[in-house]
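Protein chains: 2
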Amino acid sequence: MVSMVADEKSQPQLLSKKAACNSHGQDSSYFLGWEEYEKNPYDPVSNPGGIIQMGLAENQLSFDLLESWLEANPDALGLRRGGASVFRELALFQDYHGMPAFKNALARFMSEQRGYRVAFDPSNIVLTAGATSANEALMFCLADHGDAFLIPTPYYPGFDRDLKWRTGAEIVPVHCTSANGFRLTRAALDDAFRRAQKRRLRVKGVLITNPSNPLGTTSPRADLEMLLDFVAARGIHLVSDEIYSGTAFAAPGFVSVLEVLAARGASNAAAADLSERVHVVYSLSKDLGLPGFRVGAIYSSNAGVVSAATKMSSFGLVSSQTQHLLASLLGDKEFTRKYITENTRRIKERRDQLVEGLRGIGIECLESNAGLFCWVRMGNLMTSQSFEGEMELWKKVVFEVGLNISPGSSCHCREPGWFRVCFANMSAKTLDVALQRLADFAEANGGCKGGGAPARRRLAGGPARTMSCPVGRFSWANRLTPGSADRKAER
Amino acid sequence: MVSMVADEKSQPQLLSKKAACNSHGQDSSYFLGWEEYEKNPYDPVSNPGGIIQMGLAENQLSFDLLESWLEANPDALGLRRGGASVFRELALFQDYHGMPAFKNALARFMSEQRGYRVAFDPSNIVLTAGATSANEALMFCLADHGDAFLIPTPYYPGFDRDLKWRTGAEIVPVHCTSANGFRLTRAALDDAFRRAQKRRLRVKGVLITNPSNPLGTTSPRADLEMLLDFVAARGIHLVSDEIYSGTAFAAPGFVSVLEVLAARGASNAAAADLSERVHVVYSLSKDLGLPGFRVGAIYSSNAGVVSAATKMSSFGLVSSQTQHLLASLLGDKEFTRKYITENTRRIKERRDQLVEGLRGIGIECLESNAGLFCWVRMGNLMTSQSFEGEMELWKKVVFEVGLNISPGSSCHCREPGWFRVCFANMSAKTLDVALQRLADFAEANGGCKGGGAPARRRLAGGPARTMSCPVGRFSWANRLTPGSADRKAER
Chain A
1 MVSMVADEKS
11 QPQLLSKKAA
21 CNSHGQDSSY
31 FLGWEEYEKN
41 PYDPVSNPGG
51 IIQMGLAENQ
61 LSFDLLESWL
71 EANPDALGLR
81 RGGASVFREL
91 ALFQDYHGMP
101 AFKNALARFM
111 SEQRGYRVAF
121 DPSNIVLTAG
131 ATSANEALMF
141 CLADHGDAFL
151 IPTPYYPGFD
161 RDLKWRTGAE
171 IVPVHCTSAN
181 GFRLTRAALD
191 DAFRRAQKRR
201 LRVKGVLITN
211 PSNPLGTTSP
221 RADLEMLLDF
231 VAARGIHLVS
241 DEIYSGTAFA
251 APGFVSVLEV
261 LAARGASNAA
271 AADLSERVHV
281 VYSLSKDLGL
291 PGFRVGAIYS
301 SNAGVVSAAT
311 KMSSFGLVSS
321 QTQHLLASLL
331 GDKEFTRKYI
341 TENTRRIKER
351 RDQLVEGLRG
361 IGIECLESNA
371 GLFCWVRMGN
381 LMTSQSFEGE
391 MELWKKVVFE
401 VGLNISPGSS
411 CHCREPGWFR
421 VCFANMSAKT
431 LDVALQRLAD
441 FAEANGGCKG
451 GGAPARRRLA
461 GGPARTMSCP
471 VGRFSWANRL
481 TPGSADRKAE
491 R
Chain B
1 MVSMVADEKS
11 QPQLLSKKAA
21 CNSHGQDSSY
31 FLGWEEYEKN
41 PYDPVSNPGG
51 IIQMGLAENQ
61 LSFDLLESWL
71 EANPDALGLR
81 RGGASVFREL
91 ALFQDYHGMP
101 AFKNALARFM
111 SEQRGYRVAF
121 DPSNIVLTAG
131 ATSANEALMF
141 CLADHGDAFL
151 IPTPYYPGFD
161 RDLKWRTGAE
171 IVPVHCTSAN
181 GFRLTRAALD
191 DAFRRAQKRR
201 LRVKGVLITN
211 PSNPLGTTSP
221 RADLEMLLDF
231 VAARGIHLVS
241 DEIYSGTAFA
251 APGFVSVLEV
261 LAARGASNAA
271 AADLSERVHV
281 VYSLSKDLGL
291 PGFRVGAIYS
301 SNAGVVSAAT
311 KMSSFGLVSS
321 QTQHLLASLL
331 GDKEFTRKYI
341 TENTRRIKER
351 RDQLVEGLRG
361 IGIECLESNA
371 GLFCWVRMGN
381 LMTSQSFEGE
391 MELWKKVVFE
401 VGLNISPGSS
411 CHCREPGWFR
421 VCFANMSAKT
431 LDVALQRLAD
441 FAEANGGCKG
451 GGAPARRRLA
461 GGPARTMSCP
471 VGRFSWANRL
481 TPGSADRKAE
491 R
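Listed in order, the protein sequences are those of chains A and B. Going by UniProt numbering, the first sequence opens with residue 1, and the numbers climb by one from there. Going by UniProt numbering, the second sequence opens with residue 1, and the numbers climb by one from there.
Just chain A, same shape as in the assembly (with noise of 0.2 Å):
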């Protein structure tokens, strides 16, 4: 017993490095304040002075819509097909290349929203359980241990987790800056290349976010025609995180890599090189809110990432019960045609509000035209210009306001005064607490600071406007901006 026990203690280090540190990304304040929120959730009737979630990206706004379809077509539910149960066929079902219906369904409607502009051939979907798998697993597919993507800044907070951790590829920012309204360039993406290249990494693509969490933004026809450039000269590959694609609510409306891809023609050798090296990820979890069913996709030309990704999806398959009923779901056309619109009209709406009573409070958003969260600037109520102060009014708007946002820090924003602020996962009637919360803060705090009037005292009561409180030397000539980073499974 006495030679055991020795021998324990010159035991090998007991889990793996993975394991065992941090790199997982999971500590950042985006994380940290999702635990935060978690302690003491926000209720109107049993907690009504608890923290208010604006950190999650949850589309909330069309259940009622699901709902009604789900009534109306018990068989999707109920495992059956034409009345009759499909229990047996669905319980075995475990192909990773999924159950064709669905596939065919999925491929429809991704075409749909992006205006039947683009095609999608069901055998080029992989599925995935959750876009967070689609990413790692291309990741796994694209780079090697130590290769480098380059992503722009701001990008999700997970894609630390969900792109590095297991993988051991590394990601190098791009960094972006309000400048142009964080709109990607090429001089950016030089930059991200050379730093890249000066720490001996290899780089094997750039990763964007279309439209892009956190900014809201979709990613204008010029970037996406300037970014397959890039990796077509660098010979590199372009992974395009389209998972916001149905959230797309005004003009310019949103524009995938894969429509710009085609129009080039797949006639000439270098433009057929190229979509095999252009790769999109998508997910149900936004467009249709379903977080819960962990749908994901990667969509390749690339015979190649399709074969070794069909492999690892034996990793996270989606259930077989879920399939089932979104096959029967994305099949009914003039659903998913009705869906569309009115959640899109539906998710403009709630961002108006979430604008307008920033407005009305004297902070300004980033303009969007899509995501379910809103690019915030609130550099006029921190005490100091830089991360500190970044830091400082997080924690005050997280313990003291009692709303849970994300800084911009989170999202590598090179920046400080940034915050990423999702209103999608609530009532209006919630969110007219949190912007209330908000303008009592700023009031207490002596208003905006760079001229702006001090704050309303109450927002529900009518126009914001006069409030308007002007962010100062910020221009915003550039409004709707480029591809960025982020995603999905916001735990």
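The set of hints was computed from the structure by calculation and includes no laboratory data. Keep in mind that a hint or two might mislead.
Said to hold, decoys possible - Quick look at which bits of chain B chain A covers, simulated, 3 or more residues with Cβ under 8 Å:
{"id": "1", "segment": "57-71"}
{"id": "2", "segment": "123-134"}
{"id": "3", "segment": "318-331"}
{"id": "4", "segment": "357-364"}
{"id": "5", "segment": "405-418"}
The beta carbon of each residue, even a glycine, is placed where N, CA and C say it ideally should be.
Put chain B on the given structure of chain A with help from the hints.
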């Protein structure tokens, strides 16, 4: 344009090494047999000459019990609780800690399957999208790139993909042989450990399947004691993949390593330390026959493993729709009690049908008491006692006889002549067809070599015992054997 093409020619390796090479292990005959089956699947009416799938460890024997329960409990499928819709709650539920109701029910069910001799703490359960994912996540938690796990042979062919491919971990086989009915010995473990050291691999643990896939046997308590002593002395981990625990149909029954561990008591420091290095993998794919629903789990008392694996589970969460259904199903104690009893009775009945049928042809099986397959010795049908002979016979059995069985070589068995033959994924009638085909083949090939009488022409017509063909020199003294390796998600 010219420079772009030139750049592309000098581009770095397009895909990662993982994606570009075949280290996923799916080129083995185990998987190739499936491909053949899929090209030409047997159907009694539409394709009576097709290949019968005997390479798939599915449990189709008790679906009627599940279907009856679903009919009587419509809320489970209908996303309702107490008649009221919980659709919104489920659609949004993506807490990677899992639904408490489901984890509680699963913990109780796992305990029930172990005769309530082991208690499971729900907070030590990490849910994963199937056992494939559970095993990989454990490897990520326990082993760094190049670290090794010892696995007794023969083991589940999928482990080469599941445990090694993306993690970079290595498998060092622990060679078990027919001399003692493939039972695990301390000598074999020590030998494997030495071989690992010779290869300069750091051994991080032992992984067993109990009940064993492909042997169809449970680990005797004495072997588990020996294993625990081994990992205790070496200061390494033990992973026990127990996804077939609910299939044990005969004495001496299933004993979990957790039961043996508990009996040692956690009072002394060595035992407490050891309990942090013992991890169990479970799944509902085999015991409930629900591989399509993708429900797996890790059970560990190691807080570091639970924490890291929980974060990793975001790459493969279980659909909340499925968690809701199964929380209800497994929460029904009356149902699970009846199900376990009846399901194991049916498995035994089908196993007996296979074993007796094979005996009638002159083919012997390792005596089994669990699993959805038998470990079958077919050396007497081979033209040479070599792996070439085994492959030759395997090809004949797949292409001429029309049965997809799995050759022992794909399970890393060191002795040629063994095959895994599954019996629970087909009707009794189809099993009869398969046995008849094999009888015809044996007869056409001069019957059993080694002294047996020619194979009986018709099996279904009556008892086949008269055709018994002794396997010869092989001793069956130690038929009930030890831990070996394998698992699930058969594709």
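Hints, verified against the model:
1. 57-71: holds (count 6)
2. 123-134: Per the Cβ count (4), the hint holds.
3. 318-331: holds (count 6)
4. 357-364: It is violated: at least three residues are needed, and the segment 357-364 of chain B offers just 0 whose Cβ sits closer than 8 Å to chain A.
5. 405-418: violated (count 0)
Comparing the model with each earlier hint shows violations of hints 4, 5; every other hint is respected.
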